[in-house]
Amino acid sequence: MTTIVWDGTTLATDSLISVNGSTYNHAQKLFQLDSGEWVAFAGEQQEWWEVLEWLQAGAPRNDKPNVSRVEMIIAGPDGVFEMFNKLVRIPVNGPVAYGTGWKWALAAIDHGKSAVEAVEYAISRDHDSGGEVQSVTPRVKVSVPFDALMRDVEATPVTT
Numbered sequence: 001m002t003t004i005v006w007d008g009t010t011l012a013t014d015s016l017i018s019v020n021g022s023t024y025n026h027a028q029k030l031f032q033l034d035s036g037e038w039v040a041f042a043g044e045q046q047e048w049w050e051v052l053e054w055l056q057a058g059a060p061r062n063d064k065p066n067v068s069r070v071e072m073i074i075a076g077p078d079g080v081f082e083m084f085n086k087l088v089r090i091p092v093n094g095p096v097a098y099g100t101g102w103k104w105a106l107a108a109i110d111h112g113k114s115a116v117e118a119v120e121y122a123i124s125r126d127h128d129s130g131g132e133v134q135s136v137t138p139r140v141k142v143s144v145p146f147d148a149l150m151r152d153v154e155a156t157p158v159t160t
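Under the UniProt record's numbering, the first residue of the sequence shown carries the number 1, and numbering increases by one thereafter.
Think of the hints as simulated: they come from the structure by calculation, not from any bench. There could be a bad hint or two in this list.
[Claimed, not checked] Listed below are the simulated DSBU-like cross-link pairs for lysine-lysine, each with C-alpha atoms no more than 35 Å apart in a straight line: (1) Lys113 with Lys86; (2) Lys103 with Lys64; (3) Lys86 with Lys103; (4) Lys86 with Lys64; (5) Lys113 with Lys103.
[As the list claims (entries may be wrong)] Per label pair, the in silico range of CB-to-CB distance: (6) Lys64 with Pro91: 17 to 23 Å; (7) Arg69 with Pro91: 20 to 26 Å; (8) Val88 with Thr137: 24 to 30 Å; (9) Gly58 with Ala107: 26 to 32 Å; (10) Ile90 with Gly58: 14 to 20 Å; (11) Ala57 with His111: 25 to 31 Å; (12) Leu33 with Arg69: 19 to 25 Å; (13) Glu132 with Lys103: 19 to 25 Å.
Source: prediction; values computed, not measured. Using N, Cα and C, we set each Cβ at its ideal position, and we do this for glycine too.
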């Protein structure tokens, strides 16, 4: 599968493609969208391409591709988001990691390592992560924490 990491500053990923636990190939897993956002993918490679085309087309709400095994982190001018099979942007507040090496990567982050170092550590422990580390440090707006969003929603009276 893969390891993708956001450490609050840098988005990083490995480059190994594995199929059923066997090394298959190496690939680009970090892409810049026309919008200026960066996206890192984990999961089924064929589904990345479908999602990438959909994102490049502006992510039309009524034209989502049907995917079942995809995880991604999107970072750009509007903030940082995680996205899964339902293709709904979820704001990220703090470090996150996905793919088969996510536990190793988050452990490295917890011990003060950067996103790149976290992916390198995951590669040393996870047999489905490997190859060259790809990374970017995009300009991003800080995401609003979920609890702050909920306080705003709860504090706003609903009128009908």
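Do the hints match the structure? See the list:
1. Lys113 with Lys86: holds, 31 Å
2. Lys103 with Lys64: holds, 29 Å
3. Lys86 with Lys103: holds, 23 Å
4. Lys86 with Lys64: holds, 8 Å
5. Lys113 with Lys103: Satisfied, since the Cα-Cα distance of roughly 14 Å is no more than 35 Å.
6. Lys64 with Pro91: 17 to 23 Å: holds, 19 Å
7. Arg69 with Pro91: 20 to 26 Å: holds, 23 Å
8. Val88 with Thr137: 24 to 30 Å: holds, 26 Å
9. Gly58 with Ala107: 26 to 32 Å: Violated - the Cβ-Cβ distance for Gly58 and Ala107, about 37 Å, lies outside 26 to 32 Å.
10. Ile90 with Gly58: 14 to 20 Å: Holds: the Cβ-Cβ distance is about 19 Å, inside 14 to 20 Å.
11. Ala57 with His111: 25 to 31 Å: Because 40 Å falls outside the window, the suggested range is violated.
12. Leu33 with Arg69: 19 to 25 Å: Taking Cβ atoms as reference, Leu33 and Arg69 lie about 21 Å apart, which means the hint holds.
13. Glu132 with Lys103: 19 to 25 Å: holds, 22 Å
Violated hints, listed in ascending order, are 9 and 11; each of the other numbered hints is respected by the structure.
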